[in-house]
Amino acid sequence: MTRREYCERWCDPKYGQRLRQEAKDILSDGCSGVPDFYWLVCVEHDWAYAHHLDFYTKNPITEEEADLMLKWGIQWHSWFGRWSPMAWWRYTGLSKEKGLGFGSTAWKTGPQRLIERLAKKKPSDIPSDE
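Heads up: the sequence shown runs through residues 1 to 130, numbered per our numbering.
A portion of the hints provided could be inaccurate.
[To be verified] In silico EDC-like links for lysine to aspartate or glutamate, alpha-carbon gap of 20 Å or less:
#1 K96 - E64
#2 K108 - D54
#3 K58 - E22
#4 K24 - E64
#5 K121 - D54
[Stated by the list, open to error] Cβ pair distances, simulated, as ranges:
#6 F37 - P13: 31 to 39 Å
#7 K58 - L118: 29 to 37 Å
#8 F80 - Q112: 34 to 42 Å
#9 K121 - R82: 19 to 27 Å
#10 R117 - W83: 30 to 38 Å
#11 K58 - K108: 30 to 38 Å
#12 R117 - R18: 16 to 24 Å
#13 T2 - E116: 17 to 25 Å
#14 I115 - E8: 26 to 34 Å
#15 L118 - W89: 24 to 32 Å
#16 H52 - G16: 35 to 43 Å
Everything labelled a hint here was simulated from the structure, so no lab data went into it. Note that the Cβ used here is the ideal one computed from N, Cα and C, for glycine as well.
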């Protein structure tokens, strides 16, 4: 996938709505350990780490692809665009291939952590249909 192909998803206004709903469903905390700037992009990244899939296409992805999509998403939403410092430092911190690899443990344990998080879900955490 290219950066351009990735960014096209953000042109669909329903994409953000679907991510907001999914954040509730999987009890996503958004941007773990950093400020919640670009929260929806962090939710998308959380989902990718939990499922090892691209939220938009539902195709399997690698850890590196998930981290690249986080960088591209921040760049898409940032006033700085491709030169967004936040996009670069988050990508550098997470990427195993091109950075420090701080996301590797979270990638490996993501599916199991999702199962555990959902098992602890209280009835009040479940969105109502009203």
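Taking the hints in turn, this is what the structure says about them:
no.: 1; hint: K96 - E64; in the structure: 7 Å, holds
no.: 2; hint: K108 - D54; in the structure: 16 Å, holds
no.: 3; hint: K58 - E22; in the structure: 13 Å, holds
no.: 4; hint: K24 - E64; in the structure: 25 Å, violated
no.: 5; hint: K121 - D54; in the structure: 24 Å, violated
no.: 6; hint: F37 - P13: 31 to 39 Å; in the structure: 20 Å, violated
no.: 7; hint: K58 - L118: 29 to 37 Å; in the structure: 19 Å, violated
no.: 8; hint: F80 - Q112: 34 to 42 Å; in the structure: 36 Å, holds
no.: 9; hint: K121 - R82: 19 to 27 Å; in the structure: 38 Å, violated
no.: 10; hint: R117 - W83: 30 to 38 Å; in the structure: 35 Å, holds
no.: 11; hint: K58 - K108: 30 to 38 Å; in the structure: 21 Å, violated
no.: 12; hint: R117 - R18: 16 to 24 Å; in the structure: 19 Å, holds
no.: 13; hint: T2 - E116: 17 to 25 Å; in the structure: 35 Å, violated
no.: 14; hint: I115 - E8: 26 to 34 Å; in the structure: 32 Å, holds
no.: 15; hint: L118 - W89: 24 to 32 Å; in the structure: 31 Å, holds
no.: 16; hint: H52 - G16: 35 to 43 Å; in the structure: 22 Å, violated
Of the numbered hints listed earlier, those contradicted by the structure are 4, 5, 6, 7, 9, 11, 13 and 16.
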